[in-house]
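Undergrad: Full structure from sequences and hints, please.
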Amino acid sequence: MVREWTRKDAAHALRRPTTADDKYSRGVLGMRTGSDAYPGAAVLGVEAAWRTGLGMVRYLGPARAADLVLARRPETVTADGRVQAWVIGSGTDAATRTPADTAALRAVLSDTDPVVADAGALDLAVEDEATAPRILTPHDREHARLRAALGLAVAGPDRVVAARETAEATGAVLLLKGAVTVVAAPDGWTAAVEAGTPWLATAGTGDVLAGVIGALVAGATASGHTPDGAALGALAASGAWLHGRAGVIAASGASIARLPSMPPFGSGPITALDVAEALPRAVAEALGS
Numbered sequence: 001m002v003r004e005w006t007r008k009d010a011a012h013a014l015r016r017p018t019t020a021d022d023k024y025s026r027g028v029l030g031m032r033t034g035s036d037a038y039p040g041a042a043v044l045g046v047e048a049a050w051r052t053g054l055g056m057v058r059y060l061g062p063a064r065a066a067d068l069v070l071a072r073r074p075e076t077v078t079a080d081g082r083v084q085a086w087v088i089g090s091g092t093d094a095a096t097r098t099p100a101d102t103a104a105l106r107a108v109l110s111d112t113d114p115v116v117a118d119a120g121a122l123d124l125a126v127e128d129e130a131t132a133p134r135i136l137t138p139h140d141r142e143h144a145r146l147r148a149a150l151g152l153a154v155a156g157p158d159r160v161v162a163a164r165e166t167a168e169a170t171g172a173v174l175l176l177k178g179a180v181t182v183v184a185a186p187d188g189w190t191a192a193v194e195a196g197t198p199w200l201a202t203a204g205t206g207d208v209l210a211g212v213i214g215a216l217v218a219g220a221t222a223s224g225h226t227p228d229g230a231a232l233g234a235l236a237a238s239g240a241w242l243h244g245r246a247g248v249i250a251a252s253g254a255s256i257a258r259l260p261s262m263p264p265f266g267s268g269p270i271t272a273l274d275v276a277e278a279l280p281r282a283v284a285e286a287l288g289s
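Counting with the numbering used here, you get residues 1 to 289 for the letters of the sequence shown.
Calculated directly from the structure, the hints in this document are not laboratory data. Honestly, I wouldn't trust all of these hints.
Unchecked claim - Below, in silico cross-link-like pairs of lysine to any residue (SDA-like), each with a Cα-Cα straight-line distance of 25 angstroms or less:
| id | residue 1 | residue 2 |
| --- | --- | --- |
| 1 | Lys23 | Gly81 |
| 2 | Lys8 | Gly196 |
| 3 | Lys8 | Ala132 |
| 4 | Lys23 | Gly196 |
| 5 | Lys23 | Ala37 |
| 6 | Lys23 | Gly224 |
| 7 | Lys23 | Pro133 |
| 8 | Lys23 | Thr6 |
| 9 | Lys23 | Ala132 |
| 10 | Lys23 | Asp93 |
| 11 | Lys23 | Ala11 |
| 12 | Lys8 | Ala169 |
To be verified - If you anchor each label on the Cβ, the simulated ranges turn out as follows:
| id | residue 1 | residue 2 | range |
| --- | --- | --- | --- |
| 13 | Ala94 | Arg64 | 37 to 45 angstroms |
| 14 | Thr102 | Lys8 | 38 to 46 angstroms |
| 15 | Ala144 | Glu194 | 17 to 25 angstroms |
| 16 | His225 | Ser289 | 21 to 29 angstroms |
| 17 | Met1 | Thr271 | 13 to 21 angstroms |
| 18 | Ser223 | Ala94 | 29 to 37 angstroms |
All values derive from a computational prediction rather than experimental measurement. Heads up, the beta-carbon is just placed ideally off N, CA and C, and yes, glycines get one too.
TA: Structure, rendered in structure tokens:
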């Protein structure tokens with residue numbers, strides 16, 4: 001059975017802060033993302049995490065990317081310290097990763113905090129030593145490379161079957177990005193999330209998605225338990241729903257203030273940063289449900 005993920009489902013992954021909360025109880029997300037070649041990925045992921053709603057983002061990455069992150073989001077902490085979840089790999093390339101970077105990523109993946117592994121960290125996230133609760137976020141081409149590395153057969157046309165196989169083989173939640181995003185947990189739990197708008201097929205939106213999911217996982221972990229299995233899958237699916245809804249809001253121009261006399265906008269092109277900026281409205285709509 002494949003569950004169609006809805007706004008009400010996504011709402012369960014969100015929590016309104018109360019007067020009893022502080023920045024730690026709302027969730028602290030660590031991010032090892034971006035590179036000298038792709039520093040913008042760090043900016044997009046950090047922006048998305050903040051706008052999804054959490055207590056703190058710690059960014060640990062290259063100096064150039066860190067400077068750009070702080071220029072955009074000065075509230076970001078760039079010192080190592082306590083976190084409750086990680087996002088790693090966005091905007092990085094395994095082929096150019098330094099030994100120091102590899103060691104740092106392996107340390108994260110062998111710890112107990114849940115990890116969202118994207119792009120250049122996917123190869124490390126399927127190693128035997130990667131024992132942390134994990135969400136892997138490949139697109140179809142990355143998924144094909146993962147399956148080859150794992151010794152799995154070439155995936156057939158049924159993306160649900162392929163995602164379930166990969167999740168079972170890795171012991172991780174597999175979020176297979178696409179017009180319909182498929183989320184599968186190792187125990188077979190599966191959900192499907194409609195992208196919302198094809199305008200999301202543009203550079204950087206995957207970095208935004210990783211930040212959204214990371215924020216939700218950090219918030220859930222801050223509540224006192226580490227999500228795994230289907231619970232981690234539900235957070236991944238909720239992140240994909242919020243990302244898709246933010247894309248629709250951005251593409252429709254609904255996040256832009258209009259005079260009452262102005263006609264509604266139609267759907268139009270967006271950038272990844274537009275999606276990140278529309279996330280607070282997507283979160284508010286989900287909470288309102």
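Undergrad: Are Lys23 and Gly81 close enough, with their CA atoms no more than 25 angstroms apart?
TA: Holds - the C-alpha atoms of Gly81 and Lys23 are around 14 angstroms apart, at most 25 angstroms.
Undergrad: Taking 25 angstroms as the top limit, are the C-alpha atoms of Lys23 and Gly196 close enough?
TA: Given pair Lys23, Gly196 is violated - Cα atoms ~32 angstroms apart, limit 25 angstroms.
Undergrad: Do the Cβ positions of His225 and Ser289 conform to the proposed distance bound of 21 to 29 angstroms?
TA: 24 angstroms, holds
Undergrad: Does the structure keep Lys8 and Ala169 at a Cα separation of 25 angstroms or less?
TA: Violated - the C-alpha atoms of Ala169 and Lys8 are around 30 angstroms apart, more than 25 angstroms.
Undergrad: Could you check the hint for me, namely that Ala94 and Arg64 are 37 to 45 angstroms apart, CB to CB?
TA: For Ala94 and Arg64 the Cβ distance comes to about 20 angstroms; the hint is violated.
Undergrad: Is the straight-line distance between the alpha-carbon of Lys23 and that of Gly224 25 angstroms or less?
TA: Holds. Lys23 to Gly224 sits at ~14 angstroms (cutoff 25 angstroms).
Undergrad: So if I understand the rule, the pair passes when the alpha-carbon distance is 25 angstroms or less; does Lys23 with Asp93 pass?
TA: 32 angstroms, violated
Undergrad: If you draw a straight line from the CA of Lys8 to the CA of Gly196, is it 25 angstroms or shorter?
TA: 16 angstroms, holds
Undergrad: Taking 25 angstroms as the top limit, are the C-alpha atoms of Lys23 and Thr6 close enough?
TA: Violated, at about 28 angstroms.
Undergrad: Given a hinted range of 29 to 37 angstroms, is it respected by the beta-carbon distance of Ser223 and Ala94?
TA: 33 angstroms, holds
Undergrad: For the pair Thr102 and Lys8, does the Cβ-Cβ distance stay inside 38 to 46 angstroms?
TA: This hint holds: roughly 41 angstroms between Cβ atoms.
Undergrad: Check the hint pairing Lys23 with Ala132 against an upper bound of 25 angstroms on the C-alpha distance.
TA: 24 angstroms, holds
Violated hints, in rising order: 3, 4, 5, 8, 10, 12, 13 and 17; the structure is consistent with all others.
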